[in-house]
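Engineer: Sequence:
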Amino acid sequence: MKRILLDAFAVVAILVAGCFICYNATLYTAGAAQEGYLALTNATVLEGEDLEPINRAEVLIKDGTIIEVGEEGKIDIPPGAKVLDLTSYTLMPGLIDMHVHLGPQTYKANEEPGILEMPKLVFDWVRFYPDTRRAFLENGVTTVRDLGNEHGWIMELRRHLRDGSLEGPRLFAAGPIFTTPGGHPVATFGVDPASDSVRLPSTTEEARRAVKELASGEDRADLIKVVQERGGPGRDLEPIAPEVLDAIVTEAHEQGLAVTAHWGTLEDLEDVLAAGVDGLEHVEARAVLDGWPEDVLDRLVEQNVPITPTLSVTDAVLPPQISSQLRLRVGELYAAGGWIVVGSDAPINGVPFGAGVHRELELLVDCGLTPQEALRAATIEAARALRTDSIGAIEPGRAADLLVVDGDPLQDIKDAQNVVMLFRDGRRVVDCQSRGQ
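Residues 1 to 437 in my numbering are what the sequence shown lists, from first letter to last.
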């Protein structure tokens, strides 16, 4: 009997050790920080906030930060600097995805995973989805904004990304979504109302208390997300009461947090604009398919609220003629002076992590934006919406989050997909050349 127990213990120990080794080997950990000087030379650099091209330019980086940008020969490259020749390539800021929900690519609303899928999902969850993090970087995305997730889990991932223990894009996170028991995503995607991924305040006091909790401690949220959604034909949803919505926004502003809003109908849009939100998610077909009311369009421009259209996620499911009309509405908004930023809403409706940003860029060009304007929406304009001046442009003082592509994305937006290299804080995290691609 004793021998049997010892053998059983040995088998268990081997299994645990094997799992531990596999866990550590597949975490997708970050490499060493970039130290000293790194000079990127001979590239066409899309410089500054306007992404103006400089041919045969040089970018000097030190300890992960851009310290100088200039034409060939105009920069003194220090002795001992590492020099990387990028002849024939374009160097641009890393891309920013302003609307994601980090998790498995195979996410399906209202569907429980099968018993055979569960072990992999759990294993990926405890490893913070390494394939998802890698997909962003391999597609040139150096920053993402998560707009709805379990608070404790997403903040732990943010800590790992910030301290350099895990590899992946920069992460700005809202944590849980503010909604109602009969609202989205509880009544639509089947999210557990008791879970850490939603907050359901029913009074102004509960609303303020919930915001204060999210604004405190090392797990302080980067922003607050609210859902104001009345639903549509055949599906009524419960919106947040006006006084509760006002309390959420007011308290968030008092705590120094921006608020972005998912909206569905024109009435919902009017609610969140009246409450003073700082951002809008989606452009809803059921609200503006046949055109923007002039007063609403004027108000969007006057309040200068950044809007993330997430065209990719609607394009994936809407009939082509409706998608085409929706792109006309986005084009009208931009032409009127609206503030557009890029967000994919991956993985909703199967939109892929990382690659979804490129689809969004293509759709914005279809809306009438030039490739340069679309790229600005995924770089400097997104950074402004994040309220940070540390990313989003190639200029001194900003982080060296840099994307090297083959081609000219100012002429053909699809060239932004031709990723050759990617730098995150000056650290080369993707190198397709070394893989023979």
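Hints in this document: simulated from the structure, not taken from any laboratory.
Every value quoted in this text rests on a predicted model; they were computed, and no experiment measured them.
For glycine and all other residues, C-beta sits at the position ideal for the given N, C-alpha and C.
Each hint should be verified, as a subset may be incorrect.
Unchecked claim - DEER-style ranges, computed between Cβ atoms: (1) SER390 with VAL301: 23 to 29 Å; (2) PRO193 with LYS74: 25 to 31 Å; (3) VAL301 with THR65: 32 to 38 Å; (4) ALA241 with ARG286: 38 to 44 Å.
Engineer: Assuming the hint says 23 to 29 Å, is it satisfied by the Cβ distance from SER390 to VAL301 or not?
Structural biologist: Because 28 Å falls inside the window, the suggested range holds.
Engineer: Between ALA241 and ARG286, is the Cβ distance one that fits in 38 to 44 Å?
Structural biologist: Violated - the Cβ-Cβ distance for ALA241 and ARG286, about 22 Å, lies outside 38 to 44 Å.
Engineer: Could you check the hint for me, namely that PRO193 and LYS74 are 25 to 31 Å apart, CB to CB?
Structural biologist: Because 60 Å falls outside the window, the suggested range is violated.
Engineer: May I ask you to test the hint 32 to 38 Å on the CB atoms belonging to VAL301 and THR65?
Structural biologist: Because 35 Å falls inside the window, the suggested range holds.
The structure shown violates the earlier hints numbered 2, 4.
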